[in-house]
Amino acid sequence: MEAVLSVRDTKMDGKMESVLSIKDLNVVFSGFKALSGVSLDVYDGEIVTIIGPNGAGKSTLLDAIVSKSPVFSGHIYYQGKDITNNSPHDIARMGIGRKFQNPNVYNELSVFDNILLALKGTHGIWASITAKLTKEKKGKIFDVLSRTGLVDQAFELVSSLSHGQKQWVEIAMVLAQDPSIVLLDEPTAGMTADETYMTGEIIKSISKSHSVVVIEHDMEFVKQIAERIVVLHQGQVLAEGSVEEVQSNPKVIEVYLGHETIKATA
Amino acid sequence: MANAVMGYKQSSFPTKLAAISGIALLIFIILPFVFGDFQLSLMSKLLLFGSLGISLDLVWGFTGILSFAHGVFFTLGGYASAYYLKLNLSAASNTYGGELPDFMVWNGLETLPWFIAPLKYFPIALVATVAVPALFAYILGYFIFRSKVSGVYITIITLAISSALTTFFVSQQAYTGGTNGITDVSKLSFLGSPIPPIGLYFLILAFTVFVLALSWWLTQSNLGLILRSINENEKRIAFLGYDVAQFKIFIWTLSAALAGMAGGLFVPLNQFISPVYLAVAFGTQVVIWVAIGGRGTLVGPLLAAILLGQVQNYAEKVTQDWQLVIGILLLVVVLFIPNGLMSLLPKQLSLANLSKPKLLKTPDAVKN
Chain A
1 MEAVLSVRDT
11 KMDGKMESVL
21 SIKDLNVVFS
31 GFKALSGVSL
41 DVYDGEIVTI
51 IGPNGAGKST
61 LLDAIVSKSP
71 VFSGHIYYQG
81 KDITNNSPHD
91 IARMGIGRKF
101 QNPNVYNELS
111 VFDNILLALK
121 GTHGIWASIT
131 AKLTKEKKGK
141 IFDVLSRTGL
151 VDQAFELVSS
161 LSHGQKQWVE
171 IAMVLAQDPS
181 IVLLDEPTAG
191 MTADETYMTG
201 EIIKSISKSH
211 SVVVIEHDME
221 FVKQIAERIV
231 VLHQGQVLAE
241 GSVEEVQSNP
251 KVIEVYLGHE
261 TIKATA
Chain B
1001 MANAVMGYKQ
1011 SSFPTKLAAI
1021 SGIALLIFII
1031 LPFVFGDFQL
1041 SLMSKLLLFG
1051 SLGISLDLVW
1061 GFTGILSFAH
1071 GVFFTLGGYA
1081 SAYYLKLNLS
1091 AASNTYGGEL
1101 PDFMVWNGLE
1111 TLPWFIAPLK
1121 YFPIALVATV
1131 AVPALFAYIL
1141 GYFIFRSKVS
1151 GVYITIITLA
1161 ISSALTTFFV
1171 SQQAYTGGTN
1181 GITDVSKLSF
1191 LGSPIPPIGL
1201 YFLILAFTVF
1211 VLALSWWLTQ
1221 SNLGLILRSI
1231 NENEKRIAFL
1241 GYDVAQFKIF
1251 IWTLSAALAG
1261 MAGGLFVPLN
1271 QFISPVYLAV
1281 AFGTQVVIWV
1291 AIGGRGTLVG
1301 PLLAAILLGQ
1311 VQNYAEKVTQ
1321 DWQLVIGILL
1331 LVVVLFIPNG
1341 LMSLLPKQLS
1351 LANLSKPKLL
1361 KTPDAVKN
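Those protein sequences? They're chains A and B, same order as listed. Residue 16 in the numbering used here sits at position 16 of the first sequence, with consecutive numbering throughout. One rule links them: number in the numbering used here = place in the second sequence (from 1) + 1000.
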């Protein structure tokens, strides 16, 4: 754990550039402040885990990053470039991949085609008409399928898969996009303990080549993957730090860890 | 293995299907020699209606945009073609002699309007039959899809467009011929001599094959995958880096261009065009062909247009209440065969199924 902290400390010293930098972000839904004054930096190759009670603004934060929800004020910088309120497809092409809370996959297509759609590359009309399924593309598709354990299901319709497998299909889609930042919204929702553990291992392997931001509820899972935890509460950053730091933070204990479920794991 | 992913060939055209397509084409080539004049002209018309149905299938069946405005695109192409044929009447066969079409004379016009005059020339008229509906659709689509209007609201807009244009064309009698439209046009000529009905039939058959082949080629590519994904969940695909509006505008405009071409061929056959084809009733008929034939099947709408046209033809002879027969048929299909007639046929016969991947369950073949 100390090793992790020291890595984090050098990042905090400003020796490393942040890949994603959020400055004083405010998101307002018809008068309701879903996020107020959130600032957060994500560095190259790290896993940031966002926790917080329901309604804390976790999904809204990811929505604002990919421009699913409009930003009221504040800025989001990606590799130094202001991407606040850019169109979703431009943000996706720049290299930010998002997995949604409920598996948001194409049920009427095969697993293979879902990944093919997500594959990094040109997204124009003519390119899509003339695109050939080259060996490289097939190789890349089967690479992400093997990383997510879906090779045997490649040509099955997604609708025939289990809930946990659908979650993996979406993770595989995000991988196929080959983004610099992977945003995962509750990737283990509805998974069995074994599936959850495997997902944790997948996320760890992803973080070797990508920055990862994960929203999660399951504290066991958070312990498995977490390097740095950000606690959101009522749209604001309440605390930030390692698992131990967060769990011993009096403010966090009061608003969040005071809940029985968390006590059990603490 | 050379073919790294066995069995996954994107654009393979199975031999079985190739054989069936070949036989079907052969039947359509032989038919006109068996037909009488009436059936020849009816079948020509139904092939055009079928092509119109295929064009709607691209936007509705594949992309999920229900449009009642395809009759409008068809008719805009039709008017371009009608002006050409009307302006090429010889002075002798023109009611009042001279260049000016009869309906313009009745309505007190003294010179040919500048925006109609160029349509006298074949290349310009040919381009106009495609370009006018395509441009109209592009402008319409640009505002609809860029402003993120979706679902049923698009459908309502298409209904409004259809009604508004009907009223507009009726009101501009001096330029459009009003309710009667443009009648008594010349025959379409090739090298100075009028094309006989059988020639027109083969021209239309070639056009139908072109529409079918183009639509198949487009939908079996990655574009088809993207259109189907827009249909299932358009929000998700934007987060994969696709500009959804751009794809919708493209297929919408292309579809309108095909509809316009069909309209352009319809006038030489029908010998007139009128606001009847702009109206919602005709737009609804196009929707019915696609619904009955099967959405996203391409061949289905063509089959349905031919079948319904023939049923109507015979029902008209038997009873005055032929519309009741068509109505009952529609009810039966919607209630009992919700996916259309094509869903009754074995899957391999649908062109659209070719654009779907072959669902293999043999991982061994895949891993090689």
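Hints are not guaranteed to be accurate.
Once the Cα atoms are required to be at most 30 Å apart in a straight line, the calculated DSS-like pairs of lysine-lysine come out as [claimed, not checked]: (1) A:23 <-> A:251; (2) B:1235 <-> A:137; (3) A:137 <-> B:1187; (4) B:1148 <-> A:33.
In case anyone wonders, no lab produced these hints; they're calculated from the structure. Quick caveat, the model's predicted, so the values are computed rather than measured.
- Which of the numbered hints are not met once you compare them with the structure shown? 3
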